[in-house]
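A.B. asks: Below are the chains, spelled out letter by letter.
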Amino acid sequence: MSSLIEILPELNIAFFETLLMVGIALLVAIVFGLPFGIILYVTDRGLFLENRWIKGVVGVLINLVRSIPFIILLVFLLPFTNFLLGTTIGPLAASVSLSVAAIPFYARIVESSAREIDKGVIEAAIAVGASPWMIIKHIILPEAKPGLIAGLTITAISLIGYSAMAGTIGGGGIGDLAIRYGYYRYDNTVMFTTVILLIVLVQAVQYFGDFLAKSVNKR
Amino acid sequence: MIELVDITKEFSSSKNEPILGVDNVSLTVNRGEIFGIVGYSGAGKSTLLRCMNILERPTTGVVKVDGVDLLQLSSKQLREARQSIGMIFQGFHLVASKTVFENVAFALKAAGVKKEEIKTRVEELLEIVGLKDRIYQYPAQLSGGQKQRVSIARALANNPSVLLCDEATSALDPSTTKSILALLKRINKEFGLTIVIITHEMEVVKDICHRCAVMQDGRIVEQGNTYDIFSNPSDPLTKKFIDTVLSFDLPSRLLQTTTGKLLQLHFWGEIAAEGVVSDMLQSHKVKGNILHGKVEYIQDVPLGIFIMDLNGAEEEVNQAIEYLRERVSKVEVLQHEQSD
Ligand SMILES: Nc1ncnc2c1ncn2[C@@H]1O[C@H](COP(=O)(O)OP(=O)(O)OP(=O)(O)O)[C@@H](O)[C@H]1O
Ligand SMILES: [Mg+2]
Chain A
1 MSSLIEILPE LNIAFFETLL MVGIALLVAI VFGLPFGIIL YVTDRGLFLE NRWIKGVVGV
61 LINLVRSIPF IILLVFLLPF TNFLLGTTIG PLAASVSLSV AAIPFYARIV ESSAREIDKG
121 VIEAAIAVGA SPWMIIKHII LPEAKPGLIA GLTITAISLI GYSAMAGTIG GGGIGDLAIR
181 YGYYRYDNTV MFTTVILLIV LVQAVQYFGD FLAKSVNKR
Chain B
1 MIELVDITKE FSSSKNEPIL GVDNVSLTVN RGEIFGIVGY SGAGKSTLLR CMNILERPTT
61 GVVKVDGVDL LQLSSKQLRE ARQSIGMIFQ GFHLVASKTV FENVAFALKA AGVKKEEIKT
121 RVEELLEIVG LKDRIYQYPA QLSGGQKQRV SIARALANNP SVLLCDEATS ALDPSTTKSI
181 LALLKRINKE FGLTIVIITH EMEVVKDICH RCAVMQDGRI VEQGNTYDIF SNPSDPLTKK
241 FIDTVLSFDL PSRLLQTTTG KLLQLHFWGE IAAEGVVSDM LQSHKVKGNI LHGKVEYIQD
301 VPLGIFIMDL NGAEEEVNQA IEYLRERVSK VEVLQHEQSD
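If you read the protein sequences in the order shown, they are chains A and B. Start counting the first sequence at 1; every next residue gets the next number (full-length UniProt numbering). Start counting the second sequence at 1; every next residue gets the next number (full-length UniProt numbering).
Incorrect hints may have been included.
Okay, derived cross-link-like pairs now, DSS-like style, lysine-lysine, Cα gap no bigger than 30 angstroms in a straight line [stated by the list, open to error]:
hint, chain 1, residue 1, chain 2, residue 2
1, A, 55, B, 119
2, A, 119, B, 109
3, B, 185, A, 145
4, B, 76, B, 15
5, B, 132, A, 145
6, A, 218, B, 287
7, A, 145, A, 55
8, B, 76, A, 145
9, B, 132, B, 185
10, B, 185, B, 119
11, B, 185, A, 137
Hints are computed from structural coordinates only; laboratory data are not their basis. Being a predicted model, the structure only gives us computed values, none of them experimental.
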């Protein structure tokens, strides 16, 4: 049984690998998931960019990815990751599949938090002659902000969970460490340490997310 | 100013029969007037109003505002046209995450007003609605009346020629309602703004509308000058609405003790009611009692309604009634059992 001190450097690296994977996937979720979510919302029936075709195509695409269990998506995307990065090992490679999973996940959350907005507010904006882009930028995004941040928190926490799975096929990070030491070597100390680390990480993300969502809420 | 021709709006429903929200309505609102639309819930008032800025696209018909046929415009042209049609709502519909300033500024931004001009214009608008000291507060910090003032400022931002009000005072208490109506009246006078007001309160029509229309089941059953509608309603529904403001409840005990003919006298405009009645009593051998009376001011013009009891020989009473008919705007002989 290795002592905690011995694995500390490795733990340190694993921790930052997890942060890196989750961080990249979150960023991708914001860059792609947010627009997809908004598209899903504004093309809905009765809204100002109502479009059954776009809504249908984007919706099906998103459901397609969401219906694949992550562990299978992970394997399925290996060739794509290899093509993109030239390797399938390491936190960067793991972040590819995490990102692909994060986009539709966050897009649906964005869509549902946009739905929470009072339709009347959007109507009032249409009545003053605002363009669709202005309504999205100045009404929908600010009004949905608390929900968007809370959704990002949920996404981040799910990704931390997924990152452990990505670790099993060589992605690195805390999950990888836990499985290598805890599962293959029966090292309970490392196992418990990583579990505690994950709990602390999830709690910290949740706390920070709640704080942020609350501070932007003007209701 | 606003011209609606044969407007029909159908809503598709899950059943085969489409719902008729508005049924073949034609309506003209003149420049500079305050036009009221009353009706019970579901009559189609909101739908009709929303057709005036194409928030609802009519199934058939023509919508012209300021001479422009709104249904022929491209979406960009329609957005520009909407900038000169302000709208306020029962629920205010302010953006909760924006300050009062930002809420008003949004309308200006939408119209492409330059940043430097926005600040002075917003201050000007908040001055008009009397909310300058709340400029950096959020809607959640304001009362209902104050929120409606912000939404009025937002609606007026781009100097519209028309203001559409959908139950703008229905969420407010009576004294706040009065102050918002006074504000609308002032805006109408000062800026010559054409205002269309939807309401289910006849009081609102009485206070500020020059003309009005009564709606039922998607159709307009009666329209005209507010004074004419109040003094001489023809449709039963209109009468019912008028009754909410002008009704008399005579105690039934009083009715049982009256022996003569019950008359309801209308005095439209500046007719000296007391003079006419006392002249009649002097020149005829009848005895009269005034049981009830009321003078309402509609658009600052008095509308007097009195109920009196006439006693005497049948011949004399009939002559007295003839005498009154010649001098009074309207004389109605009431049935005893009717006025319970
Ligand atoms: N989007 C819609 N889809 C289906 N039916 C609708 C829609 N909007 C209105 N209607 C129907 O059209 C009719 C008129 O509705 P409208 O909202 O214009 O009434 P209203 O006179 O404004 O009533 P209220 O005083 O309750 O606001 C109603 O029967 C309503 O159910
Ligand atoms: Mg309505």
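A.B. asks: Checking against the hints above, which ones are violated?
C.D. replies: 1, 3, 4, 6, 11
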